[in-house]
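Trainee: Sequence:
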Amino acid sequence: MAISSLTRLATSTINSPPPFTTVLIISRYFTKRIIFTTATQNNNPPRSFKTMSSSQNSKVTAPYGSWKSPITADVVSGSSKRLGGTAVDPQGHLFWLESRPSESGRVVLVKEAGDEPIDITPPEFAVRTLAQEYGGGAFRISGDTVIFSNYKDQRLYKQSTSSKGSCPVPITPDYGGPVISYADGVFDSRFNRYITVMEDRRVSSTNSTTTIVAVPLDGTIQEPNVLVSGNDFYAFPRVDSKGERMAWIEWSHPNMPWDKSELWVGYISENGDIHKRVCVAGYDPKIVESPTEPKWSPTGELFFITDRKNGFWNLYKWVESKNEVLPLYPLNAEFARPLWIFGMNSYEFVKNEAGKTLIACTYRQNGKSYLGILDDVQGSFSLLDIPFTDIDNIASWNDYLYVEGASAVHPSSVAKVTLDGRKVVDFKICWSSSSDCLKYESYFSQPELIEFPTVVPGQNAYAYYYPPTNPLYQASQEEKPPLLLKSHGGPTAETRGILNLSIQYWTSRGWAFVDVNYGGSTGYGREFRERLLDRWGIVDVDDCCSCAKFLLENGKADKERLCITGGSAGGYTTLAALAFRDTFKAGASLYGVADLNLLKAETHKFESHYLDKLVGDDKAFFDRSPINFVDKFSCPIILFQGLEDKVVPPDQARKIYKALKEKGLPVALVEYEGEQHGFRKAENIKFTIEQQMVFFARLIGRFNVADPITPIKVDNFD
Numbered sequence: 001m002a003i004s005s006l007t008r009l010a011t012s013t014i015n016s017p018p019p020f021t022t023v024l025i026i027s028r029y030f031t032k033r034i035i036f037t038t039a040t041q042n043n044n045p046p047r048s049f050k051t052m053s054s055s056q057n058s059k060v061t062a063p064y065g066s067w068k069s070p071i072t073a074d075v076v077s078g079s080s081k082r083l084g085g086t087a088v089d090p091q092g093h094l095f096w097l098e099s100r101p102s103e104s105g106r107v108v109l110v111k112e113a114g115d116e117p118i119d120i121t122p123p124e125f126a127v128r129t130l131a132q133e134y135g136g137g138a139f140r141i142s143g144d145t146v147i148f149s150n151y152k153d154q155r156l157y158k159q160s161t162s163s164k165g166s167c168p169v170p171i172t173p174d175y176g177g178p179v180i181s182y183a184d185g186v187f188d189s190r191f192n193r194y195i196t197v198m199e200d201r202r203v204s205s206t207n208s209t210t211t212i213v214a215v216p217l218d219g220t221i222q223e224p225n226v227l228v229s230g231n232d233f234y235a236f237p238r239v240d241s242k243g244e245r246m247a248w249i250e251w252s253h254p255n256m257p258w259d260k261s262e263l264w265v266g267y268i269s270e271n272g273d274i275h276k277r278v279c280v281a282g283y284d285p286k287i288v289e290s291p292t293e294p295k296w297s298p299t300g301e302l303f304f305i306t307d308r309k310n311g312f313w314n315l316y317k318w319v320e321s322k323n324e325v326l327p328l329y330p331l332n333a334e335f336a337r338p339l340w341i342f343g344m345n346s347y348e349f350v351k352n353e354a355g356k357t358l359i360a361c362t363y364r365q366n367g368k369s370y371l372g373i374l375d376d377v378q379g380s381f382s383l384l385d386i387p388f389t390d391i392d393n394i395a396s397w398n399d400y401l402y403v404e405g406a407s408a409v410h411p412s413s414v415a416k417v418t419l420d421g422r423k424v425v426d427f428k429i430c431w432s433s434s435s436d437c438l439k440y441e442s443y444f445s446q447p448e449l450i451e452f453p454t455v456v457p458g459q460n461a462y463a464y465y466y467p468p469t470n471p472l473y474q475a476s477q478e479e480k481p482p483l484l485l486k487s488h489g490g491p492t493a494e495t496r497g498i499l500n501l502s503i504q505y506w507t508s509r510g511w512a513f514v515d516v517n518y519g520g521s522t523g524y525g526r527e528f529r530e531r532l533l534d535r536w537g538i539v540d541v542d543d544c545c546s547c548a549k550f551l552l553e554n555g556k557a558d559k560e561r562l563c564i565t566g567g568s569a570g571g572y573t574t575l576a577a578l579a580f581r582d583t584f585k586a587g588a589s590l591y592g593v594a595d596l597n598l599l600k601a602e603t604h605k606f607e608s609h610y611l612d613k614l615v616g617d618d619k620a621f622f623d624r625s626p627i628n629f630v631d632k633f634s635c636p637i638i639l640f641q642g643l644e645d646k647v648v649p650p651d652q653a654r655k656i657y658k659a660l661k662e663k664g665l666p667v668a669l670v671e672y673e674g675e676q677h678g679f680r681k682a683e684n685i686k687f688t689i690e691q692q693m694v695f696f697a698r699l700i701g702r703f704n705v706a707d708p709i710t711p712i713k714v715d716n717f718d
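All residue numbers for the sequence shown refer to the UniProt record's numbering, where the first residue is 1 and numbers rise by one.
Calculated directly from the structure, the hints in this document are not laboratory data.
In this text, a Cβ means the ideal position worked out from N, Cα and C, and glycines have one as well.
A couple of the hints might just be wrong.
To be verified - Ranges between beta-carbon positions, derived for each pair:
id, residue 1, residue 2, range
1, S104, F717, 24 to 34 Å
2, D617, S166, 30 to 40 Å
3, Y283, F717, 57 to 67 Å
4, P708, G421, 48 to 58 Å
5, N352, A113, 21 to 31 Å
6, D174, T206, 38 to 48 Å
To be verified - Computed list of lysine to aspartate or glutamate pairs in DMTMM-like fashion (alpha-carbon distance at most 25 Å, straight line):
id, residue 1, residue 2
7, K295, D284
8, K600, E560
9, K286, D273
10, K480, E530
11, K260, D218
12, K713, D651
13, K152, D115
14, K480, E451
15, K351, D618
16, K713, D618
17, K428, E451
18, K81, E124
19, K260, E644
20, K439, D420
21, K423, E527
22, K600, E673
23, K423, E479
24, K416, E441
25, K368, E530
26, K613, D558
27, K286, E451
28, K605, D200
29, K260, E602
30, K713, D612
31, K646, D153
32, K286, D612
33, K81, D153
34, K309, E262
35, K423, D375
36, K605, E673
37, K59, E479
38, K613, E353
39, K59, D612
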């Protein structure tokens, strides 16, 4: 841990106030030493645990929040591998991207190979693109070749997936730094090239130029050839099997891709350029829609997903001869997700035993995902019974589907689903973000989907409630548990009721936890999504407060120990709730927004006009910025921030920290060197969750945590 000039090393334990200052700057070199020091502090449990019975047949009565759990912060940080996409080669080999916190978040392409998967990516490389900051679509496989974006220099590289120890070879120019990024590419065999979205930041890092380009694969390195340009953003370039047509999605400011976008098809000339184009969807001003995920079938038909008519993302097909689009299976359910990242793949073409092309797809309805086979000719949909209740991407090969998903008892995983016609005959987990987590199953709190009334009569919102759960402990009947409410990021996103050890960390220690899908979240259609237009900082805050009150009324939480946390946009909702409402008693903001005007001025191009629709006029920007109303804050807050964050720059956290400190409120700020928007390093993930826990325990908890955590100093408290 590298410590600023204001900071001295922590030496105290939780039971005595630490004599050191607050702003911590965490670096790679020193973090391990601090964690080692923490781990070697007093390992004796608090006195309330010394009477714990050795018998598993009776529970020990102890205060909520003080229960001991084997789901430690080390377990949470070690289980935080992230999945970055899947693919299948022509031989049926599964490939996936995984982010490894133990390697400082390095992203590696891995190949399934029996019991021991093989790392394709050499140690000096990492597969990650910075396009639109959030990335995605960082690799593509064709035959035994992979093209990928390398994190350090952002160049595209070509590598063999079949030759052991093969070395990646660059195929794009070296611009002297990571100033050009590529994403969402596809192979074009007709012209032996790679077609991809290119984001050029050479002129401006905050106002980049985005185009669709072609990169030659003949071994020469040259400036990519621009195929499509002129709009603000592009995604999903997809070429048909003959290389004669290319589909893509584009949109322009001030829209986000889920507000309004367009689907285009371009016809490819003999020299490889786009010589004619037609807009398939999104051109009619009378139809508000946001098409996404275009894909050519094996027979050359174009399919895509859009939310015209019923306001839900449904599957459609383009009739080229008439330039018309036809719905395949209208349903008040979401067959796609918002385009925050590149490379999403919500459906695949599969063949049945008779050779007929069908569509394997997933949709989300009422907080649950479903997998099925769609026959677009008959208009029939056959559900497939698998254990996952949450599904993201799908890949296919022969009679198999590879499904990215999770459930209340499955962490983020990839499963091989074997089909016999339209029935599942086998389900096997191929990859798991936490392969050994089931040993903690008796400690798992099962999510309960709740629907609660909002402040708007007749309107409800949704959340997943997790009760305190521990097989060895119980609280007294008179006590109600502390509640931690989480406000998800986005804000145009959705939280899902799946096994997340960072949630189980809290519930297994005796906390109640609730994860809210406030108005403006996805998963419930456009009408629900647009509740937040012009009302960010109002609807989300009201819904979070309404959810907490709903749980209080049902006896699920202690009114005096209501806490709120959130990251990014969820951090903004956290700060706004603490500034403008009196529901919560403490909060934690992770890379959250305190000043809306500052965010608008400093954020990256992709979201530079996002707030125009979410907030409104200049007065609203001022009135809903927590930084302008420090006098309204009245409870403790802890802040966590990555110093390389370009989405929510560090000044946001520093401004609110300084203002709250000057006001005299208990406040702490932790800054992480080498972290961007979201924390990827295991040591920082661990430090963040532990410091939130001990902060809440010390400030409002009225209990001692069982873990030997050394707290940082809290200004105006220690």
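Trainee: All the hints need checking, so say for each whether the structure fits it.
Mentor: Here is what the structure says about each hint:
1. One distance hint, 24 to 34 Å for the beta-carbon pair S104 and F717, holds here, with the actual separation near 32 Å.
2. Take D617 and S166: their Cβ atoms lie about 56 Å apart, and the range 30 to 40 Å is violated.
3. The supplied range of 57 to 67 Å is met by Y283 and F717, whose beta-carbon atoms lie about 58 Å from each other.
4. In this structure the hint that P708 and G421 lie 48 to 58 Å apart at CB holds, the actual value being about 56 Å.
5. Between N352 and A113, the C-beta spacing of about 29 Å keeps the proposed range 21 to 31 Å intact.
6. Against the hinted window of 38 to 48 Å, the Cβ-Cβ separation of D174 and T206 comes to about 23 Å, which falls outside the hint.
7. Of the pairs offered as hints, the one joining K295 and D284 holds, with about 21 Å between alpha carbons and a cut-off of 25 Å not exceeded.
8. Only pairs whose Cα atoms come within 25 Å are accepted, and K600 paired with E560 is rejected, the gap being roughly 35 Å.
9. Taken as a hint, the K286 and D273 pair is broken in the structure, with Cα atoms around 32 Å apart against an allowance of 25 Å.
10. Only pairs whose Cα atoms come within 25 Å are accepted, and K480 paired with E530 is rejected, the gap being roughly 36 Å.
11. With a C-alpha separation of about 38 Å, the suggested pairing of K260 with D218 is violated against the 25 Å cut-off.
12. Only pairs whose Cα atoms come within 25 Å are accepted, and K713 paired with D651 is accepted, the gap being roughly 21 Å.
13. Of the supplied pair hints, the one linking K152 and D115 is violated, its CA atoms being roughly 31 Å apart against a limit of 25 Å.
14. Among the hinted pairs, K480 with E451 is consistent with the structure: their alpha-carbon atoms are about 21 Å apart, no more than 25 Å.
15. For the hint linking K351 to D618, the alpha-carbon distance of about 55 Å lies beyond 25 Å, and the restraint is violated.
16. For the suggested pair K713 and D618, the alpha carbons sit about 37 Å apart, so the restraint of at most 25 Å is broken.
17. Restraint check for K428 and E451: the C-alpha separation of about 33 Å exceeds 25 Å, so the hint is violated.
18. Between K81 and E124 the alpha-carbon distance is near 19 Å, which keeps this suggested pair within the 25 Å criterion.
19. As the CA atoms of K260 and E644 are separated by approximately 31 Å, the hinted pair breaks the 25 Å bound.
20. With a C-alpha separation of about 32 Å, the suggested pairing of K439 with D420 is violated against the 25 Å cut-off.
21. The hinted pair formed by K423 and E527 fails the criterion: a straight-line CA distance of about 34 Å is larger than 25 Å.
22. With a C-alpha separation of about 24 Å, the suggested pair K600 and E673 falls inside the 25 Å cut-off, and the hint holds.
23. Only pairs whose Cα atoms come within 25 Å are accepted, and K423 paired with E479 is rejected, the gap being roughly 49 Å.
24. As the CA atoms of K416 and E441 are separated by approximately 23 Å, the hinted pair is consistent with the 25 Å bound.
25. For the suggested pair K368 and E530, the alpha carbons sit about 21 Å apart, so the restraint of at most 25 Å is met.
26. Among the hinted pairs, K613 with D558 is inconsistent with the structure: their alpha-carbon atoms are about 36 Å apart, more than 25 Å.
27. With a C-alpha separation of about 33 Å, the suggested pair K286 and E451 falls outside the 25 Å cut-off, and the hint is violated.
28. Among the hinted pairs, K605 with D200 is consistent with the structure: their alpha-carbon atoms are about 11 Å apart, no more than 25 Å.
29. Between K260 and E602 the alpha-carbon distance is near 24 Å, which keeps this suggested pair within the 25 Å criterion.
30. With a C-alpha separation of about 38 Å, the suggested pair K713 and D612 falls outside the 25 Å cut-off, and the hint is violated.
31. A C-alpha spacing of about 17 Å is found between K646 and D153, which places the hinted pair at or below 25 Å, so the restraint holds.
32. A C-alpha spacing of about 22 Å is found between K286 and D612, which places the hinted pair at or below 25 Å, so the restraint holds.
33. The hinted pair formed by K81 and D153 meets the criterion: a straight-line CA distance of about 23 Å does not exceed 25 Å.
34. As the CA atoms of K309 and E262 are separated by approximately 16 Å, the hinted pair is consistent with the 25 Å bound.
35. The hinted pair formed by K423 and D375 meets the criterion: a straight-line CA distance of about 14 Å does not exceed 25 Å.
36. For the hint linking K605 to E673, the alpha-carbon distance of about 23 Å falls within 25 Å, and the restraint holds.
37. Using a Cα cut-off of 25 Å, the hinted pair K59 and E479 holds, with the two alpha carbons roughly 16 Å apart.
38. For the proposed pair K613 and E353, the alpha carbon gap of about 49 Å is over 25 Å, so the pair is violated.
39. For the proposed pair K59 and D612, the alpha carbon gap of about 54 Å is over 25 Å, so the pair is violated.
Hints 2, 6, 8, 9, 10, 11, 13, 15, 16, 17, 19, 20, 21, 23, 26, 27, 30, 38, 39 from the earlier list are contradicted by this structure; the remaining hints agree with it.
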